[in-house]
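Can you make the complete structure from the sequences, with help from the hints?
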Amino acid sequence: MTWVAILGAGVGCYLLKLAGVSLPARVLEHALVERVADLIPVALLAALVAVQVFATGTRLTLDARAAGLAVAAVALVLRAPFLVVVFAAALTAALLRLVFPGW
Amino acid sequence: MVDPSPAERRGIIRDGLGIGLATGLYGVSFGAVSVAAGLSVLQTCALSLVMFTGASQFAFVGVAAAGGAPLSAALTALMLGTRNTLYGLKLAPLLGFRGWRRPATAHLVIDESTAMSVTRDSPAAARIGFLSTGLAVFVLWNLFTFLGAIAGNLIGDPRDYGLDAAVGAAFLALLWPRLADPRNRVIAVCAAAVALGAVPVTAAGVPVLVAGGVALLAGLLTPTASDATEIPGR
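Each protein sequence line maps, in turn, to chains D and R. Number 109 marks the last residue of the first sequence (my numbering); no jumps. Number 270 marks the last residue of the second sequence (my numbering); no jumps.
To be clear, the hints were calculated from the coordinates, so they are not data collected in a lab. Be aware that one or more of the hints could be misleading.
Unchecked claim - FRET-style restraints, in silico, Cβ to Cβ:
1. LEU179(R) to LEU13(D): 16 to 24 angstroms
2. PRO107(D) to GLU44(R): 54 to 62 angstroms
3. ARG46(R) to ARG65(D): 49 to 57 angstroms
4. THR258(R) to LEU13(D): 35 to 43 angstroms
5. THR8(D) to ILE49(R): 37 to 45 angstroms
6. ARG65(D) to SER158(R): 52 to 60 angstroms
7. GLY63(D) to SER76(R): 19 to 27 angstroms
8. ALA140(R) to LEU68(D): 44 to 52 angstroms
9. GLY14(D) to ALA229(R): 26 to 34 angstroms
10. ILE49(R) to ARG65(D): 46 to 54 angstroms
11. THR67(D) to ILE191(R): 19 to 27 angstroms
All C-beta atoms, glycine included, are put in the ideal place defined by N, C-alpha and C.
Take a look at the structure:
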């Protein structure tokens, strides 16, 4: 089942790219298409941040991940590159768990 | 519309390789996070090869890690992948690929290759930027995904290394450039709130899809929009 999802979503993502380079450019001029397409990544990424950090299964939780996220935000404000942001968050959570096991 | 000089070509290719290296390197974090989410090394590499669009891949393994159904993971990845459709629409007239070249190069339509070609002032320069960046990212992203997946398999409990916290940080970094727009900040807060509200009452993976509905609703309700094909943060 996981394989079906991986290959299905993978091929689907390719077809979305192919549709873009094949469709006439005037599709973009449709205002609703443009608005919704602009907003989808924002909404999904924000939701993914929230769920990745503050949820465990179907429970809301507050643990070392939240501290990692805070450090990541500071790194982003300081215009750190992607890898530094991700590494800083992981390091923060790892160190906190070293001090407070199980957090 | 003048063709680029040899020096200019070399400059564009060098930039493409640089972007490829920087982006490829974070394939290590994807590989490690993916095996931590319970995917095998082979499945992880298949995602990078076939899906080849970072945000969708991180979303897929993120939903899987949270215990979401494979279908939820796939739908979330596809919704994020619609971004590349817009990039393609913008790129097609600029690159002017015809016939078999179109399906062959479509796979390279991603954030980075788009950013490195839409700013060029001739089709030749745009093609060089697109192909050098796209191919460099493709090769290195897949190589480093494999290395990250192998390393991730060797290190034991990923939580000890804070890898679960790295995923949230990765999504925040991808989101960050888009938050320059005040309207997007409102959408982001609403979507996050809706997703968290849905966590206790829906199956894992569903809250993120519900948040996608926020985007749809906001699109229907808001009168004006910024340029959807603008590459944020460049």
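Discussion item. Name the hints, by number, that the structure is in violation of.
Written reply: none
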